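Work from the hints to combine the two standalone chains into their complex.
Protein sequences appear in the order of chains A and B.
As numbered in numbering that gives the first Met the number 0, residues 0 to 236 make up the first sequence, in order.
As numbered in numbering that gives the first Met the number 0, residues 0 to 388 make up the second sequence, in order.
Please note that a few of the clues may not be correct.
Here are some chain B residues pointing at chain A (derived, C-beta under 8 Å) [unchecked claim]:
1) Asp2
2) Asp8
3) Leu16
4) Asn17
5) Met75
6) Lys314
These aren't lab readings, by the way, just hints derived from the structure by calculation.
On a predicted model such as this, the values are computed, not experimentally measured, just so you know.
For every residue, glycine included, the Cβ atom is placed at its ideal position computed from N, Cα and C.
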Amino acid sequence: MITAKNLNFNYGLFRPKEDGFAIKDVSLEIKPGFISCLLGNNGAGKTTLLSLLYGFINPKSGIVCYDGRPIDRKNIASYHRDVAYCGEKWCADGLTVEKNAEMLSTLYPAFSKELFNKYMEIAQTDRTYDKTFGELSTGQKVKVEIAFLLARKPKFILMDEPLANVDPVFKTDILEILQNSVAENGTGVFLSTHLLDEITDIVDYIYVLKNGSLIKQGSRLELLDDGHGSLKDIMSL
Amino acid sequence: MDDKKIMKDFIARIGELNKNKNLWIIFQISGIAQLIISGRHSLLVKGGGIPIPSLIVAGGLIFMSTVLYIQKYTVMSMGSFEKERSQLLFLIAGRRMADMQEKLSDIVKTHGFDLGIYYGYLLEKILIVQGVSCSIVFIAAMIGSMDMKSALVSVGMIALISLNVWYWKMLISGAAARHKKGLLYEIFYRIVIYIEIMGSFVLLFFFINALSVQLSSIIQVTVLKNINNLNEPVKTIYHEGSAGIADLLFSPIITLLCADIYGLFIKQDRVKNFLFAALCVFTIVIAVMRGMTISNERVSFSENSVSVKHDDDEKEYGLKDIKLYRISLEKDYYHIHLEFNDGRIEEIYTVSSVETDAWKEKYSGETEYFNEFAQKLEALGIKAGEEPS
Chain A
0 MITAKNLNFN YGLFRPKEDG FAIKDVSLEI KPGFISCLLG NNGAGKTTLL
50 SLLYGFINPK SGIVCYDGRP IDRKNIASYH RDVAYCGEKW CADGLTVEKN
100 AEMLSTLYPA FSKELFNKYM EIAQTDRTYD KTFGELSTGQ KVKVEIAFLL
150 ARKPKFILMD EPLANVDPVF KTDILEILQN SVAENGTGVF LSTHLLDEIT
200 DIVDYIYVLK NGSLIKQGSR LELLDDGHGS LKDIMSL
Chain B
0 MDDKKIMKDF IARIGELNKN KNLWIIFQIS GIAQLIISGR HSLLVKGGGI
50 PIPSLIVAGG LIFMSTVLYI QKYTVMSMGS FEKERSQLLF LIAGRRMADM
100 QEKLSDIVKT HGFDLGIYYG YLLEKILIVQ GVSCSIVFIA AMIGSMDMKS
150 ALVSVGMIAL ISLNVWYWKM LISGAAARHK KGLLYEIFYR IVIYIEIMGS
200 FVLLFFFINA LSVQLSSIIQ VTVLKNINNL NEPVKTIYHE GSAGIADLLF
250 SPIITLLCAD IYGLFIKQDR VKNFLFAALC VFTIVIAVMR GMTISNERVS
300 FSENSVSVKH DDDEKEYGLK DIKLYRISLE KDYYHIHLEF NDGRIEEIYT
350 VSSVETDAWK EKYSGETEYF NEFAQKLEAL GIKAGEEPS
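Bound-form chain B, shown alone (with noise of 0.2 Å):
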């Protein structure tokens, strides 16, 4: 039986060992939600192209997803035969739970082991994953839900990234099984150590971060497709208050789950299962208040008429019905406060807005929209407020 049979083999015993570790699944959905939603979102609002905060985020999901994935093939962990007497066993003792993960590579020093050969089959498996992964963008660009450009820099991504990360792996496993671990192997490898585990705490915060946001999103482009024509200049500006409160509540969490991963902490498999489903939970939590901040509290500026909507108050003024106004410059937003005849006022900060594309072809900015909007309420004889003392 010659070397690469006695390796597939053996690839296969170790996946089926490890049949359980499928972590990486999510991180690869995530991701890859995370380009296609970024780049739908992109798309209708600013005409294509995935912003690069998305795609770093994207960028981490994609590192996480395949440095699990080689896990799956290079990390032993305990049987499910073992688990339960043996973790007990070990949390009495004080051991920490990360020390029953072993590597590969220690195991097969005294063996027959053809590491080139092992990480060629691995090669093998993870172009078949991200192989599906980048047809999945493909396919999103050719039903428009992204541009081309925007899927072609995706792809490219996550071949790059998924590729270092497949590398670089089996160099550090092709010194330590090789026995050639000298200074600069160890200096290096403890770096990429830290900046795997300091990685995951920033990816993994600002990954629920972007993609509440950008769940959110699908309903802001549903709330504007419904409440707005597209073809009007029309910016809205929303609050979101309410989910900077969820973010900090969330960060504990996640800091725990990225701790986990990297087994800092002890592991017991009830109390990651019950983190990763909170995670869940409020990533869609978040993103229902961020979705519903811009469908339930929003001020629509269009070129001729505001419209406000709290809750189920909904209300279209014209600018004739603006008793008197204030717009002043804060650090890096518009303050506009509105006193309207029926007796309502309104306080708006333009920290967060969208605009349609026909906005922005129209104006250079929000200091040349509301120059032209102050210019249409004085045409109208509408007073301009005093500041507040």
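Here chain A stands alone, though its shape is the one from the complex (with noise of 0.2 Å):
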């Protein structure tokens, strides 16, 4: 289980005033097979606080544990082996996607080349082999990197507004695939959206940032049942 408690983070050298914070005293839980969305407007600090959660950045104050213990850079390598992490570079756009996925692969044992050839399908990505990955479109970027992140079978993914980019059909493709690896892998998928409707069948928690506070959390259910009687309608709080 990935957990963050009481995180805080300004961007520049200098502590800001109090509503100068990108996130405030932000506590969430990310667990093993389930989905949980975090949904903000443009702003909000979602990728912020992916941002934390993954490690690239460190919080001014707060933790951010794994499996109970806090990440540090001795640890770091292998968190980063088992939690993966979609919407950032990835890959060298001078390579091939072959050779990109041929040389990826090694850092990670559980890397299954059949499955990554399926995602591939899957994605109608699979004649892009041979193409240099910066020649590919930002839809097939983003097809691609979901169909290796897979591939190489991690415990938790992070992703970075993963639908942004991507058609219609591929949407319900890869909400697809990340609900059968939530359910045979018990894989954690943490994304952040503003795209409400497309994910609200298969999200299981939700938390919502606005302005770098949490101002809700809950199960679906429990914040549909709250009155708000739609996600709009929480966003808008």
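Right under this line is the structure:
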């Protein structure tokens, strides 16, 4: 389980005023076998929070733990092996898809080439093996990235707006693939999005972020039964 | 599978992908050659000790070699399949080719990558390369090509430079991989990059200069052995004017190459290969030109004779064959005017010269030597000419 306790973060060298924090006193849990979602408008701090959870940046205060142990320089490599991140540069633009997969799969003993080929086929990107990653369209890049990170069988997946540049057909496919991965492998998925409608059917737990603070959290049913009626109402709080 | 095995396999994979990145070999060989040749030349001419400028140039070459070797394992470039087509696309789009080099630290941020272990394996590789280099230096010392003190200094310098480059590269990569790019990091990183860029300009220039001088010194030493008895005090003065012109012609090529290394200009392999081939050819040409000046254009002053050589015209004169002489001190060299009885006139400038050990033991410098030379001529009744008006 990934836990975050009382995270605070601001950009810049000096402590800002009260309303200058990018992330303010955020605590959450990402459990295996569940799909959690981070909702928030643009500028709410979703990417910052994901960066803190993954270890790209260090919080000014607070702590991120993995299976009860704080993440630090000594264990961050093994943490990154168990936790995949979707949404940042992950491969060499100048290498072909195939060479990138060959190169980076070396880092993951559990990587399955069969799975990678399978997901590439589902995503209809199986003709891009010989293309350099830089030549792919934005949507194709997302699909290849998701195929790779699923093929490495991570325990957790953190995703920063993964559906933003994907065609509608593949959106359905990716959500289905994520659900299968959760069900079969017990993968914990934490994804950020502001596309409310696409995720309501699959998400188990929702965190709502506004101006760097978590204003609401709960299971999907709890939030919807809380009298707000729809997630859009929750977002407008 | 443990982390070490994973990183070991990964570094091997990166090395395989970058197997054509071997420019570092040229710098490494040049640096070691510079040390050995300088050591040998100094041993023959001065009795030992590598001159500081030669050490600086060699150090710069070892620095560049280590930087490029580390880049082989920390920078990704395009594979051969994509190169032609994509290079053309990028050129048409007007993008710099330098944009196609990607740092491994940017790629592995989202992967289970242990930077410490990776750089540990990289250090092992560097130690193997430098170990071989140091062994070559020690072998050179053992066979008498350089003195042992120079060998130890060279080995120490190689170790110091390569370890420092590795360490600071690791720090920079680590900071980049952990997103710890604060203001101080940015300042430090920029300073290091600019030092590397400017350093490569300066060092390559000096390298060409020094390498050509040192290569020519092989010819020089051979010539000295052939024409001089090293047990006698002999001062040989030669003319290096032609080499200076070659250096000036050379500078644009060096500048372009240095800029190319850092991707400041658009890279095309053919152009780069041509420039490098030209660099090698010019180095050899300059070395030969420098070497030929001493072998073909020189005046040697012995205790009781003066040898003059211009290509195939070579003649030895006794002191009494001199009809008139004039010795004057210019800025920091002597100008000697000699008129011989057979009508030959020689204008000699002591800008570039070599002296035998015996000469150096006997005379404290040119002033003492030319004073004695003038006294000998006066004793023979040879007139000192007046300064031309």
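Comparing the hints with the structure gives:
no.: 1; hint: Asp2; result: holds (6 Å)
no.: 2; hint: Asp8; result: holds (5 Å)
no.: 3; hint: Leu16; result: holds (6 Å)
no.: 4; hint: Asn17; result: violated (11 Å)
no.: 5; hint: Met75; result: holds (4 Å)
no.: 6; hint: Lys314; result: violated (66 Å)
Consistency note: the structure conflicts with the earlier hints numbered 4, 6.
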